[in-house]
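Asker: Take the sequences, apply the hints, and build the full model.
248 is the number of the first residue of the sequence shown in the working numbering; add one for each residue after it.
These are computed hints drawn from the structure, not numbers from a lab.
There could be a bad hint or two in this list.
Taking lysine to any residue and the SDA-like style, the derived pairs with C-alpha atoms no more than 25 Å apart in a straight line are [claimed, not checked]:
1. Lys476 <-> Ser424
2. Lys531 <-> Gly425
3. Lys531 <-> Gln666
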Amino acid sequence: MWKRFGSIAILFSVAVLVVPRVVHGIDVEGSFRLRYENSGILGEQKYIRKEDIDHRVFSMRPVLAIYSNDGAWELRAAPNIYYDTAYERVDIYNEQDKDEFSSYIDWRDTYVSHRGENNVLRVGRQVISWGKMDALRLADRINPVNLERYLVPYLYDYEEGIQHVTAVSWDVFSAQSGFQVVVVPEYQQSRLPSKNNRFSPYYAYRGYDIAADKKPDASQPEYGFRYQKFIDDAELSFYFWEGYPDIPPIGILLDGNGHPQELAYHYGTETYVGMSYSSIWQHKVLRFELGMIHDSVLMMDQRRVSGSEEIQAFNKKRGLSFSDMYLAAAGVETELWSPAARLIMQYYYEELAKPDKPVYAPLRRDGITFSFSQLLGDYDRYQLRFDGQYWTSDGSYLLRAGFRDQFLQHWQWNVELFQLVGDADTTFGMYEHSQYTFRLQYEI
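Answerer: Now the structure itself:
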């Protein structure tokens with residue numbers, strides 16, 4: 248593992264120092280970040296064991312960017328290298344978990360791009376950000392998320408929570424409008440924890456092997472487009488996306504005698520059509536978003552469910568097939584007593600329409616989110632943050648308080664405390680606990 252860290256660091260350092268001297272007509276930039284993160288649970292909790300979320304993560308991210316002197320071409324590479332000590336626990340995780348989760352490389356912002364007079368073509372690992380909502384995604388469906396350590400990626404760490412995806416994107420723009428086409432040649436699902444982890448959506452299947460390489464239904468590329476219209480201080484956008492769910496459901500493959508043999512992912516198409524609007528009104532940013540999802544996923548055939556009572560209960564709860572879901576969200580962002588103090592509030596609503604079988608989940612769900620931040624000190628050295636989500640449909644909520652200190656020139660540390668509350672069958676109740684996160688980061 249440490250050889251991998253060192254080899255990549257040396258390779259990037261040599262590229263930054265040597266390439267500009269050997270190849271003329273280009274500029275080279277480089278940066279380097281080291282981070283240590285510790286997250287865990289405060290005290291004894293109701294539904295989970297402390298060991299299930301006790302992570303100590305070391306990560307390294309070198310960034311290398313090579314530009315042509317005219318600014319037309321850019322080649323960028325930014326691998327994130329992770330090592331998580333949680334998977335060394337042999338009483339919870341097996342050797343397969345250790346090999347897959349304890350250390351890995353996540354290639355982020357690794358692409359080649361060409362910028363023309365009014366267009367940009369980019370090929371490689373990238374983030375495609377659609378929509379106007381910050382805390383909950385409607386149109387922002389292209390990039391999967393990291394659920395391995397982040398139950399709510401947007402509140403924990405947006406940069407780490409959003410997973411980059413290999414894609415081809417082409418942007419054409421003018422002062423009045425913009426048009427973007429995106430193609431993802433190969434489907435990439437969200438990064439999930441081991442099924443032996445209490446937070447895994449497949450925890451009930453932990454006694455079975457998952458045939459992760461069987462993806463017969465996800466063989467087609469994902470694709471879509473966004474059209475933007477700019478009118479003074481307002482923006483109107485329309486979206487279309489044809490893809491697959493971030494977290495595919497699992498089906499149980501039975502042998503000839505009807506006994507469970509192995510598990511396989513079930514993929515179905517997901518079509519999203521939507522629009523968003525944002526404008527500035529009296530120094531406030533107003534945002535609205537509407538969308539519809541047509542989903543062909545068949546979560547589980549109830550007549551073929553086998554296995555333990557725990558698996559049967561799990562499938563009954565999630566045994567859901569539907570055709571359409573309607574989504575709506577509205578939000579406002581404003582500064583308070585100074586430009587350094589900002590407040591963001593959003594409301595989210597979703598409704599399941601035309602269920603084609605008995606439903607074991609609410610047909611409607613709605614909630615509100617808020618985020619308050621205050622910068623303090625010289626050069627905005629300190630930051631205070633308070634965030635929260637409250638689901639009015641089931642009464643569960645999440646609260647976070649955070650503090651960040653950007654000290655010296657390249658060092659930063661922050662600490663966050665979380666509280667998740669709710670009944671066992673609610674959005675946050677199944678994870679009911681108090682949690683902390685501490686990060687120490689060095690970046691040049």
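Asker: Take the hints in turn and mark each one as holding or not.
Answerer: Cross-check of the supplied hints:
1. Lys476 <-> Ser424: Satisfied, since the Cα-Cα distance of roughly 4 Å is no more than 25 Å.
2. Lys531 <-> Gly425: holds, 24 Å
3. Lys531 <-> Gln666: Measuring from Cα to Cα gives roughly 29 Å; hence the hint is violated.
In summary, the one numbered hint that this structure violates is 3.
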